[in-house]
Amino acid sequence: MLEVKDLEVRFGAVHAVRGVSFAVPEGPFGLGLVGESGSGKTTIGRAVMRLLPVHGGAITFEGTDVHDLGRRALKDYRRAVQVVFQDSDSTLDPRMRVAATLAEPLRAHRVVPKDAVGARIGELLSDVGLEPEHARRYPHSLSGGQRQRVAIARALAVEPRLVVLDEPTSALDVTVQARVLAMIRRLRDERRLAYILISHDLAVVEQLCEQIGVLYLGRLVEMGPTRELLGSPAHPYTIALRSAVPEVGVRERRRRIAIPGEPPDPASPPAGCAFHPRCPAAVDACRTTTPELRPVRSGHLVACHRAEDVMSGRAPIEPVPAAEQTAQR
Amino acid sequence: MKLEVRDLSVAFGEQTVVRIEALDLSDGEVLGLAGESGSGKSTLALAILGLTGQMGATVAGSIQLDGRELVGMPEQELRIIRGRRIAMVFQSPVSAFNPVIRIGDLFLRALRHHGVERADARERANQALREVFLPPEMLARYPHQLSGGQAQRAAIALAIALRSELLIADEPTSALDVTVQAEVIEVIRRLQVQERLGVLFISHDLAVLGELSDTLVVLRAGEQVESGPAAQVLEAPQHAYTRELVASMPKLGGALS
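These protein sequence lines map, in sequence, to chains A and B.
With this note's numbering, letter number 249 in the first sequence gets 250, and the count goes up by one each step, no holes.
With this note's numbering, letter number 171 in the second sequence gets 251, and the count goes up by one each step, no holes.
Treat the hints with care, since some could be wrong.
Said to hold, decoys possible - Result set (EDC-like, lysine to aspartate or glutamate): computed pairs, CA atoms no more than 16 Å apart in a straight line:
1) B:K82 with B:E149
2) A:K115 with A:E105
3) A:K6 with A:E63
4) B:K82 with B:E109
5) B:K331 with A:E248
6) B:K331 with A:E63
Claimed, not checked - Residues from chain A that keep clear of chain B, each with C-beta distances beyond 12 Å, as calculated:
7) A104
8) H110
9) R279
For the record, the hints were derived by calculation from the structure and aren't laboratory data.
We put the beta carbon where it would ideally sit given N, CA and C, even for glycine.
Model the full structure from these sequences, guided by the hints.
Here's what the structure looks like:
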């Protein structure tokens with residue numbers, strides 16, 4: 002349904018996204034994009050929404066390049082593909098009651114006949130677990146979780162086929178997050194929804210996505226089916242990221258694969274593989290040659306010169322105490 | 081160092097925002113304070129520092145540091161305790177620093193304020209930075225020139241330089257990427273073990289708390305709903321709210337079926 006090929010987005014001289022390709026089939030389907038600050042995950046989401054100019058590659062929806070769409074076709078595209086941002090507070094008009102917020106897209110896209118708008122608003126609210134009385138409320142009188150539900154209801158109002166969810170629960174308390182995630186899961190099945198879930202949280206993405214792409218400094222470094230990618234990750238960054246996720250109920254204090262330092266400045270990326278300064282398995286080739294994304298197993302792509310060694314254990318990615326890490330810095 | 085909180089309540093007008101029956105923290109211990117927005121966890125931290133009075137709150141009950149009562153202590157005396165004995169780091173360290181003062185000058189001012197000779201101050205600052213794995217060059221930088229993880233470690237280093245005995249850390253890793261968070265956790269754990277620092281670690285993230293804490297206190301809407309050894313609270317939560325919190329934490333291994 003959606004295909005992104007060799008996407009490149011620049012902000013001035015900074016390459017925010019480079020050579021990113023992926024596809025999203027018809028729903029129910031979830032693609033998770035994970036990465037840390039500056040990894041380009043939000044930029045990809047915005048490019049898909051055509052909210053940003055792209056500098057290379059193509060985004061096609063049902064075979065048509067999204068950037069060639071005329072006014073009319075763009076309107077159809079914006080109906081088919083919706084977005085929910087992390088900070089719903091800033092995307093809801095503070096002067097509009099919830100009912101008006103939901104009525105706007107229903108009318109603009111003539112989703113239902115005029116006399117059915119009110120009834121549809123009620124259905125949408127119930128879909129996202131809100132009460133009919135919430136229709137009369139203003140955003141400021143709702144909690145953060147309720148506002149995020151309104152933002153999701155607004156996105157669903159136009160019956161989209163694909164939704165870009167950009168950190169939809171990151172600003173919410175954990176108990177509220179759990180309820181919103183359960184709701185997304187239910188809607189996905191009921192509405193056969195496809196989504197791109199952008200998150201820094203591997204555990205959130207794992208719950209809701211069949212496919213995961215791991216981003217580092219604007220490039221996909223690993224992509225594959227969720228179970229395979231988390232079960233036998235082949236990129237040292239994915240391994241480190243997975244080990245860094247704190248988990249409730251870990252009895253003993255774990256040794257983490259502490260990768261030293263922080264993600265580099267996208268304005269001056271390291272030569273070769275952008276991850277090499279932090280990588281415990283880096284060799285000379287990593288410092289000079291940027292690894293291409295290539296299949297290591299069916300459907301499992303990795304951009305790492307040492308992927309085979311990492312997977313076979315010849316290049317062990319082992320916990321290193323923080324003190325030793327610093328000595329290398 | 082021994083911190084003892086007994087029957088503490090902090091109220092703004094008629095509204096009581098925190099009520100704590102008992103809370104104890106000694107050297108080399110990490111006390112985790114868990115709760116969601118509005119649970120009163122940050123207010124409790126500010127109350128221990130004696131800062132809620134300035135915010136117009138009424139504090140009743142007792143907060144004792146080595147037997148000395150902090151509730152009602154004159155501001156002048158509190159100032160000596162703040163920084164010198166109790167240090168605090170916040171969620172956003174960059175905004176907690178004065179943007180026009182270099183990190184080195186910040187250290188110098190704080191150390192001089194607490195009576196350290198100028199000649200010793202520099203050496204203390206360098207040594208403290210080493211403990212949090214930062215190079216001495218950091219002292220020449222302005223806060224905005226530090227990354228989030230570096231700034232948080234610099235804030236912790238300041239506490240070490242002042243030889244604080246109790247560190248109050250309010251969501252210190254919540255704004256950081258997970259790999260950077262892992263480093264900051266490592267730093268705090270090391271200080272707890274090697275320097276016998278007492279740490280009051282405040283977080284909404286039970287997983288982070290579970291890794292660091294010896295004891296855990298769960299707050300909801302200002303009330304202490306559960307407390308006990310961290311492993312026990314997380315593995316066999318007694319209160320329905322704690323159970324909900326534990327169940328809500330996203331965990332790896334929950335793939336779509």
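Evaluated hints:
1. Taking the CA atoms of K82 (chain B) and E149 (chain B), the gap is about 12 Å. The hint holds against a cut of 16 Å.
2. For the hint linking K115 (chain A) to E105 (chain A), the alpha-carbon distance of about 11 Å falls within 16 Å, and the restraint holds.
3. For a cut-off of 16 Å, the pair hint linking K6 (chain A) to E63 (chain A) stands: about 14 Å separates their Cα positions.
4. For the suggested pair K82 (chain B) and E109 (chain B), the alpha carbons sit about 10 Å apart, so the restraint of at most 16 Å is met.
5. Restraint check for K331 (chain B) and E248 (chain A): satisfied, since their Cα atoms lie roughly 6 Å apart, inside the 16 Å limit.
6. Restraint check for K331 (chain B) and E63 (chain A): the C-alpha separation of about 35 Å exceeds 16 Å, so the hint is violated.
7. With a minimum CB-CB distance of about 30 Å to chain B, A104 (chain A) clears the 12 Å threshold, and the non-interface call stands.
8. For H110 (chain A), the non-interface assignment is confirmed: its Cβ lies about 30 Å from the closest Cβ of chain B, beyond the 12 Å cut-off.
9. For R279 (chain A), the non-interface assignment is contradicted: its Cβ lies about 8 Å from the closest Cβ of chain B, within the 12 Å cut-off.
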